[in-house]
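Two independent chains are provided; combine them into the complex using the hints.
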Amino acid sequence: DVKVTQSSRYLVKRTGEKVFLECVQDMDHENMFWYRQDPGLGLRLIYFSYDVKMKEKGDIPEGYSVSREKKERFSLILESASTNQTSMYLCASSLDRGRGYTFGSGTRLTVV
Amino acid sequence: AQSVAQPEDQVNVAEGNPLTVKCTYSVSGNPYLFWYVQYPNRGLQFLLKYITGDNLVKGSYGFEAEFNKSQTSFHLKKPSALVSDSALYFCAVRDGPLSGGYNKLIFGAGTRLAVHP
Numbered sequence: 002d003v004k005v006t007q008s009s010r011y012l013v014k015r016t017g018e019k020v021f022l023e024c025v026q027d028m029d030h031e032n033m034f035w036y037r038q039d040p041g042l043g044l045r046l047i048y049f050s051y052d053v054k055m056k057e058k059g060d061i062p063e064g065y066s067v068s069r070e071k072k073e074r075f076s077l078i079l080e081s082a083s084t085n086q087t088s089m090y091l092c093a094s095s096l097d098r099g100r101g102y103t104f105g106s107g108t109r110l111t112v113v
Numbered sequence: 259a260q261s262v263a264q265p266e267d268q269v270n271v272a273e274g275n276p277l278t279v280k281c282t283y284s285v286s287g288n289p290y291l292f293w294y295v296q297y298p299n300r301g302l303q304f305l306l307k308y309i310t311g312d313n314l315v316k317g318s319y320g321f322e323a324e325f326n327k328s329q330t331s332f333h334l335k336k337p338s339a340l341v342s343d344s345a346l347y348f349c350a351v352r353d354g355p356l357s358g359g360y361n362k363l364i365f366g367a368g369t370r371l372a373v374h375p
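Listed in order, the protein sequences are those of chains A and B.
Numbering (the numbering used here) for the first sequence: 2 to 113.
Numbering (the numbering used here) for the second sequence: 259 to 375.
Here chain B stands alone, though its shape is the one from the complex (with noise of 0.2 Å):
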C-alpha cells in the first residue's frame, strides 16, 4: 500500500537559518509526491509537486524540494527561514491503479516547523 512518514514531530530551526522538513514514502510506481502548508485554523495551502522531470522542484514562498528515488525520499527546503514560514506542514504521495487505489492523496502526520527570531 502507499503511504507517506514524516519522522519528525516538530523543527526548530533560527530565521535566516536554511530549513529541511523530512518525508519519506512508499509507492508501487512512478511517485506522484506533493507538499503542503497549514497556517493556524486554516484549510492546507498547495506549495509544490512532484510529477516528473527534475529531482529538484521549486514552489510558492521560496520553498523547494529534491526527489530522491533511491532514498524514496521528498525533503522540503528553504535556504533561508523566515518567521512567518511556522506553520504544519504536510507531505502527500497518489495513491495509484497500481496499488488499487482510486488516485487521491494520501498525507503523511505533518510537521510542526518552528522559525525562533
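With the rest of the complex left out, here is chain A (with noise of 0.2 Å):
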C-alpha cells in the first residue's frame, strides 16, 4: 500500500515562527497536494506540484510556500505563522492526475 507519512501529528507553534510540515510519500507518485481542514469549510488546496522543483498554487496560497527537491518529499512552509493559520493540514499524492489521491493521516497546527 502506498504511504503518505506526515512528520508530525500534533504541533503548537508561536506566532512569526517559521514553520515547516513535511510529507514524505514512498510509491515514486508524481503529484502531491496540500490541503487545510477546516469545520464547515471542507478542504481547500494550498499548493500543489505535479513534478520535483514544480508548484502550482492552489486556492488559499497566500502566507504559505512550498519546496519541492526531491520526489517523495513536499513540504509546506509558513513563512511567518499566525493565529489563523491554526487548522488541520492534510497532505496527498496520487499517481496520475485523474486518480484518486493518498491521504496522510494530517497535521493538527495550533498557532498561538
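By construction, these hints were calculated from the structure, which means they are not laboratory data.
Treat the hints loosely; a few may be bogus.
Derived pair list, reagent style DSBU-like, types lysine-lysine, alpha-carbon separation capped at 35 Å [unchecked claim]: (1) B:335 with B:280; (2) B:307 with A:56; (3) A:54 with B:327; (4) B:316 with A:19; (5) B:280 with A:58; (6) A:54 with B:307; (7) A:14 with A:4; (8) B:335 with A:71; (9) B:280 with A:19; (10) A:4 with B:327; (11) A:4 with B:280; (12) A:72 with B:316; (13) A:19 with A:58.
Pair by pair, the computed Cβ-Cβ distance ranges are [stated by the list, open to error]: (14) B:261 with A:64: 23 to 31 Å; (15) A:68 with B:274: 32 to 40 Å; (16) A:29 with B:266: 33 to 41 Å.
Where is the CB? At the ideal position from N, CA and C, for every residue including glycine.
Set out below in C-alpha cells:
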C-alpha cells in the first residue's frame, strides 16, 4: 500500500515563527498536494506539485510556500505563522492526475 | 468551473437502516467522481470512484454510489448502517482540462454521518 507520512500529528507554534510541515510518500508518485481542513469549509487546496521543483498555487496560497527538491518529499512552509493558520493540514499524493489521492494522517497545527 | 456540493451538514440514521449521503456536481465534460471517508483525527480514506461504465459503483466497507447524469448527482449509499460508519464523508470531482484545470480534485464541504444504536 502507498504510504503518505506527515512528520508531526500535533504541532504548537508561536505567532511569527517559521513553520515547516513535512510530507513523504513511498510509491514514486509524481503528484503531491497540500490541503487545509477547517470545520464547515471542507478541504481547501493550498499548493500542489506535479514534478520535482515544480509547484502550482491552489485556492488559498497566501501566507504559505512549498518546496519539492526530491520526488518523495513535499514541504509546506508557513513563512510567519499567524493564529488564522491554526488548522488541520493534510498532505496527499497520486500516481497520475485522474486517480484518487492517498492522504497522510494530517498535522493539527495550533498557532498561539 | 468545476464544483461539488454536499447539501447536508449532517445525516442521522439508526443502525441497521439504509443510509444516503448526497452529492451533486458541476463539470465540463465527463465527470470523474470520488467519495472519501475521514475518521476522527485521521486523514481521508478512499471509498470509491466513478470514471465510466456502470452507474452503480461498489466500494469499500459495503458502500456504493449511484451516478446519475441527468440529475448530476453521485449519492453515497449503504443498505444497512453500522455505528462504526459514523464519520465525515467527502465527495470530490476532478477538475479537468476542459475547464482550464489541472486535473486535481475539488472536494465538497463534507457531511457528518451519525449512526445511532
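Hints and how they fare:
Between residue 335 (chain B) and residue 280 (chain B) the CA atoms are separated by roughly 9 Å; this keeps the pair inside 35 Å, and the hint holds. For the proposed pair residue 307 (chain B) and residue 56 (chain A), the alpha carbon gap of about 26 Å is at most 35 Å, so the pair holds. Among the hinted pairs, residue 54 (chain A) with residue 327 (chain B) is inconsistent with the structure: their alpha-carbon atoms are about 39 Å apart, more than 35 Å. Taken as a hint, the residue 316 (chain B) and residue 19 (chain A) pair is broken in the structure, with Cα atoms around 44 Å apart against an allowance of 35 Å.
For the proposed pair residue 280 (chain B) and residue 58 (chain A), the alpha carbon gap of about 29 Å is at most 35 Å, so the pair holds. Pair hint residue 54 (chain A) plus residue 307 (chain B) holds up; C-alpha atoms about 30 Å apart against a cutoff of 35 Å. Annotation: proposed proximity of residue 14 (chain A) to residue 4 (chain A) holds, straight-line Cα distance about 27 Å (limit 35 Å). Proposed proximity of residue 335 (chain B) and residue 71 (chain A) is contradicted: the alpha carbons are some 40 Å apart, above 35 Å.
Proximity of residue 280 (chain B) to residue 19 (chain A) is assessed by CA-CA distance (about 40 Å); at most 35 Å being required, the pair is judged violated. Of the pairs offered as hints, the one joining residue 4 (chain A) and residue 327 (chain B) holds, with about 34 Å between alpha carbons and a cut-off of 35 Å not exceeded. Distance restraint check for residue 4 (chain A) and residue 280 (chain B): the Cα-Cα separation of roughly 29 Å lies within the 35 Å cut-off, and the hinted pair is therefore satisfied. Between residue 72 (chain A) and residue 316 (chain B) the CA atoms are separated by roughly 33 Å; this keeps the pair inside 35 Å, and the hint holds.
Taken as a hint, the residue 19 (chain A) and residue 58 (chain A) pair is honoured in the structure, with Cα atoms around 19 Å apart against an allowance of 35 Å. At about 24 Å, the CB distance of residue 261 (chain B) to residue 64 (chain A) agrees with the hint of 23 to 31 Å. The given range of 32 to 40 Å is broken by residue 68 (chain A) and residue 274 (chain B), whose C-beta atoms sit roughly 50 Å from each other. The hint said 33 to 41 Å for the Cβ distance between residue 29 (chain A) and residue 266 (chain B), and at roughly 38 Å that hint holds.
Hint check: violations occur at hints 3, 4, 8, 9 and 15; the rest are consistent with the structure.
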